[in-house]
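J.: Throw the hints in and build the complete structure from the sequences for me.
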Amino acid sequence: MASLYGGLDVGSMTAKAVVLDADGRLLGWGMAETTPQLAVCGREALDGAVCAAGARSEELAFVVGTGYGREALPFVQKRVTEITCHARGACALFPGAALVVDVGGQDSKAIRLDASGRVLAFAMNDKCAAGTGRFLNAMAATLRTGIEGLGPAGNNSTRELAMSSTCTVFAESEVISLIARGEAVPDIAHAVHRAMAKKLAGLVRQAGVGEPAVFTGGGALNVDLVRCLEEFLGVSFRIPERPQLTGALGAAHLAREATPARSL
Amino acid sequence: MKPWSNLRFAFMRGAGLDWMTRLSSGPRRPPASREPFFGPPLQSRHELRRIMTRHYGLARYVKGVRPVAWVTSGAPVELLRAFGCYTLYPENHSAVCGARRMGPELCEVAEDAGYSLDLCSYAKVDLGHALSGRTPVGRLPPPDLLFCTNNICQTVLYWFKALAHHYRIPLLLVDTPYVHGEPDEAALRYVGDQLKALVPELERITGSDFREERFREVLLSSRRSAALWGDVLSTLQARPTPMTLFDAFVHLAPVVALRGLPVCERYYEGLLRELKERVERGVAAVPGERHRLLWDNIAVWFALQPLSRLFAENGCALVAGTYTHAWAEPAARIDERDPWGSLARAYGLIFLNRDLESRLDLMEQIARDFSVDGLVLHSARSCKPYSLGQYGIQRALEERLGVRSVVLEADMTDFRSWAEAAARTRLMAFIESLEAA
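In order, the protein sequences belong to chains A and B. Counted the way our numbering counts, the first sequence spans residues 1 to 264. Counted the way our numbering counts, the second sequence spans residues 1 to 437.
From the derived model, a few chain B residues whose C-beta atoms are all more than 12 Å from chain A:
| hint | residue |
| --- | --- |
| 1 | 92 |
| 2 | 171 |
| 3 | 238 |
| 4 | 239 |
| 5 | 358 |
If we take Cβ atoms under 8 Å as the criterion, some of the chain A residues that face chain B in the derived model are:
| hint | residue |
| --- | --- |
| 6 | 68 |
| 7 | 80 |
| 8 | 82 |
| 9 | 83 |
| 10 | 118 |
| 11 | 126 |
These are calculated hints, taken from the structure and not from any lab test. Note that CB positions come from ideal geometry on N, CA and C, so glycine has one too.
T.: Here you go:
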């Protein structure tokens, strides 16, 4: 029976799971919307990944849980924070990464790594939705672009608008007044991204700017946000193919490393 | 009325209060089952509980017998003791309210009365108590006078003014200029002169004459208490540490509230004996201690238990702190042969009243003395002077000491600004990075 390793990241908005084989090859992944039953949606994501890998749950030798829901997962063997997991995941995808910026559902973080991928320092947003995925969701809802449309909209901006708030509540009213003033949606979207990127840049500077830099989490899918942050920091980001899975991928690698390699 | 009050107070101070406490507390609860990641609890905790219960208990009978003074934590209380004042510390009381999870409800009372959401939560808890009378300690006697020193922050000035207005009583204030770089002798003389000038005021308010002999006795006792507290903290240099900073936060109460009194000295003599014995026998507060950490800022009173558990579970012992250390500082400075000058130095030069560079040097020294390999900086939402500059301090200390650190956002008493899951993630990620280093 093949030994498989699972990483399960139950975040505030989505649960993500990854299954690796003993050599660290990605066999499958799964996602599920986070519901109040954290263990149930976590299981669903993990089952999805196992199924995509064409395997059975019994083949999982070790599973590491991460994300805000990690404490609520009775079926994982170990729990590790998102910081360590995102760092590990980013290093697996881009060996030598020195900086990881993760914009997730309820928090965003900047992680500085040393040459061997160990966490040197990290900074997270304070107790507030500013600079997180929730902020983008709220703005996308107000602008009616949908979360996927927000980045491309901002990319089409032709005029720079001033926007001062990064507080989700105040920013929403600021966006509404910009709409009322007749400003174009792409320009407003771009202003939103600049305001958020400015806040993220502060977070990154706290942890320390470095390259190669990796952008992970759902926020990395927003091309305009990434571009704004690149401008502020003067770095260029590498983006994983599926940035939301980075934490789960790191967790799966940690699962693989937690199990002593079996001799053949 | 007065003879009856005197008699009642004398009786309570004698056997009465201890007897009543025993009667009302019922049979002692069996100790909670110990968890494997904590060492055995300190025996001294029973005596601590007794003397602090007694301090707040006697306060109920003292009104009309002795002048009651409410003082700031950084005030030279020795002067008041020389006049026989019964002193209570709103900050200590606020900490007690915080630990009993009454912070938000008392803050809300103050906020309803118009105080800002952003005001210090110690101040709001205290003002909330003054306005509502709610307290976990039964009842506090209203003050006859207020004594305030601005060496810890400027907020106390306005907070105590509000109290003076509320109770319509005198407020005595000692202004301690902020110290940039080396201490300024003229500024210290200015502090000493203000202290001297309080003597006739205190004679008038308390109706007692100033006796210099008594004052010197109090100073001597205060110096001894502070020195003993310093010795207590020094035992945490041992590896493994015999108690953690979480214990120290609790065992700090006497040196804050009772310094200058013999009971305080006796208490720390006992605690020191117990700790030395633990060190000799190698008793660990955190069995399997792997990491030794320094804590900056006041405690998160409402989360002492979950925090101490989180650290202990992961083999981390908090062994040093700036806040606990501050109470040992006066030991080296108080000198009963130079009462005014030394008192001015002892209270004018406390680290919260000095520039960041001095604070940085002090923290570096403490970190080295206690061989710490990580820093936990509590950014207290409502304590601005303590929390300001922490990110700079963090960077500088990481560089000087080559250690890792984390900033924890919380508050002393107000858990409305506490995000448990986020705090846990931060601390766990920090511990994971220590483990990987």
